[in-house]
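Given the coordinates of chain W, assemble chain D onto it according to the supplied hints.
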Amino acid sequence: MNEISQQKIDASCRVPLLALFGGAALWLIVGLVLAIVASLTFHMPEKFANCPLLTYGRVQPAANDAILYGFAIPAALGVMLWIFARLSQGELVLPIVPIVAANIWHLGVLVGLVAILIGDSIGSQWLEFPRGSSVLLFAAFLLIAISAVATFGARRERELYPSHWFLLAALFWFPWIYSTANLFLASSHPVRGVAQAVIGWWFANNLIFVWLALVGIGTAFYFLPKLAGKSLHSHYLALFAFWTLILFGTWCGIPQGAPVPAWLPGLSSVASALTIIPLIAIAVIFVKTVCGANTDCKGGPFCYIKFGTVTFLLSSLMLISLGCPHFSKIVEFTWFVPAQTQLQIFGFFAIVICGAIYELLPRVMGFGLPFPKFVRVQHWLFMLGIILLVVSLAVGGIEQGLKNYSLESSLPFLRVSTTGLLFLLLGSFLFAANIFAMTFKWKLALIKSVIAAVKAPMETSEVKS
Amino acid sequence: MKNGFGVFIAAFIALGASWCGFVLAPAVQLSTAKQTTVLNSSDLYPIQRTGDATLGLQVYRANGCAACHTEQIQQDGVVCDVILTGAGKNPSAVSNLISTLKLTGLTKEQADGDSDKITAAGGKVEIHIVATGADIARGWGVRRSVAADYLYDSPVQLGGIRVGPDLADVGTRLSNANWQLLHLYAPRSVVKNSAMPPFHFLFESKKIGDVPSPDALQLPKVFAPPAGYEVVPTDDAKNLAAYLLSLRQDVPLYEAPFTPLQVSTNAPAK
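Quick mapping for you: the protein sequence lines, in order, are chains W and D.
Take 2 as the starting number for the first sequence in this note's numbering and just add one per residue.
Take 3 as the starting number for the second sequence in this note's numbering and just add one per residue.
Worth flagging that the hints you see were computed from the coordinates, not collected in a lab.
Treat the hints with caution; some may be incorrect.
[As the list claims (entries may be wrong)] In silico EDC-like links for lysine to aspartate or glutamate, alpha-carbon gap of 16 angstroms or less:
#1 110/D <-> 83/D
#2 194/D <-> 47/W
#3 209/D <-> 232/D
#4 110/D <-> 128/D
#5 240/D <-> 54/D
#6 126/D <-> 114/D
#7 330/W <-> 78/D
#8 227/W <-> 297/W
#9 194/D <-> 409/W
As the structure is a computational prediction, the values presented were derived from the model and not from experiment.
Next comes chain D alone, as it looks inside the complex:
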């Protein structure tokens, strides 16, 4: 290259191409993204977080929780399990047949084949789709995270390192607000040997007035404040707990299917 203009053109082409690919394209692709529907249902997904949970996301951001926690679950793939739901008129024949079949960890074709055989013998079956992978085995979630899960979050806190566990589905796993508050105030009071720093500054330690505060934490002795004092969560702590409880990736989607164990438990009565 003989002059600066050549360098400029080279850099412009190289960076411009990746800008179009990794900035413009995802921005355009996702700017039109809408709510999708839950698989085999008309429920919309995702639903906007509640007000306190939305504020809690800002507490999560301000304190850099993403420096230790990810919010993304991965899976290797899906398998099919064949579940017997009724033995029909000839139970012994069906159970004999079942003992010869594999039934779990099957591909779609194998599952269909097994299901046809059992149905022919008079049994009733359901085919369940199950996601597999290390994260699922750890109990961190039931399916992989997908782009739709983060539609309403800003900033999106995917995180990059797992010093602590993944939180994408923590609201399903640990759904007790009181537990979350205890854990934020004194992690070791509920998780043995936790390395998470305690967030005392999200709580207020104050003298018990005429009537004890209804919000005060019920701490085990080792972590309790001195006698006559109580630990009360601030709004920040309550919002953060609300946000953590709102982290639920527990419904099947077209791009991440699985069969929920109890179908539509959260659906309102119709």
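Isolated chain W (complex conformation):
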């Protein structure tokens, strides 16, 4: 493949990706600050007694949504657009559409977060954004999906690469689950009774487990072979992993003791046990692709994506353990459950996506990272933060479940988890610094070139004509 066309492909993604990543970096910081504010309640409950905006029950969901909808999804969409363009060996089709969509998306997140803080949430976990905001998010996603599918349709290489399957399925997954959940829960005639809770769990599992897995693993399957300098181990095994992941993973997530007809948690329990099958397949592909690679990762993107893939396996094992009735009975209503979601969102997804962004952004922008050392430091900060956060919440959760849900038993762990969040916040500042410095540098160059064009003396040939 000639070098020039590769550069053109990367350049075609530049503005949409900056629009998606810039907002994402900002929301990551906002989300972590909100999460820290929320966890302060455990250190000093009286702190926000007079301030309805900062009461725990509003800040906590706002923090979750800022991180998932504000950071994780738009950052992932940016990475997906670039992978689609690269795999198609063509420029991004309709680049203006994702630029507009990125702005609509971030506006939707802003509207949604404000709504939660003023008490207008829908009241279903992970689906707190009210109707107006969900419409914006849905429209923005469809627009980005149109551009991605058009880029995919215009591909030069007809044969599909494994990442294609995962990412295309993700494009299809989100509109379906998001519209279903909003129509059944947030419309003026929501479903009755506990069906609301069941649909809420179905949506949350399909977004946080399946969607994040499809995008994260699809991205890892693109970057791991590239960075390791080898080809992906076995397309057939990847196909098997893809099929079994979407077939079984989508049925997980109904809590075992829920007050719903008993066949629902029963079915979910069987499905989560079967989810071990795609995990084994992904683990085999990972090990066979990565082992023997003579690339040194040095805290760079390769490290990020390797760490993220291993974490995915761990967080999925935690999810499977929640499907086991005996264990679930102890931890079902404890901090163990948020520990699993945080591991999935930060430990797996955020790490894989940040690694991918650090790998692709210098190519897209045409110049290197302004602070290359930050990449390594952020990796350490994130690893430390994730371990502190997740281990303390998981152990605290088991402790809480064994000791009658007494708060005294879990309070020390909650305090450690706040420290974990602080490390993540520091890391996210470094991430934002790189993104914003690059945007600034690029805008400066743009302005300079405009000024130069204006100042340039007219060519004599133009004067004559």
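What follows is chain D alone, placed relative to chain W:
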């Protein structure tokens, strides 16, 4: 897979199947759900919450109470207890017989067997069904929560984490509205070392007028407002307290049976 269409079909089949199972089926199954009757009674259950309690549910939602409180009780199973209600003509024989029997924590068959023996000896017995499990032992409820308990709630606030206690049956456990208001304003005034944030913004702290407000909270000194001021609950606080009091899962149902200690205390006089 050679083209995008194959991926589309695969994703459509996988997600469509789970959509039918976990969205369509529960929605259909519950869209036709009706009130059921209380076990061994003709009373309908559940009953629509009162107006203020329905508004209180919205205060509960808006402030994200479900981020710390669940509204679902679990149980391991049920056991039968045999309760002697009358000793009959030969009390000593019955009491001798009873001392040889286990009487509590029995299966249905064992309970029937014991009951037959005591009846044969001339005693009178009742068999009580008792739900067991950690939540019941904590006193959070008398039976497990079932789908029928949430028929009229929207949004249903099952919650997923117990930072504080479960509230499914809190209206039975803590049935004093004044206590609920004190607890909302200053949790530590009624629960030692509570980690619940105080909800001052649901109350109004104002100068006492010519006549003190009848609604004003009677707070202990440490939590009381400065002299000359009183703390009055807003409508939101009153509605939220009404909602909390309306949270009662205290009647036996076909799918969650137990024997109430005093049968039909709440039934209107006939």
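Going back to the hint list, which numbers does this structure go against? Result: no hint breaks.
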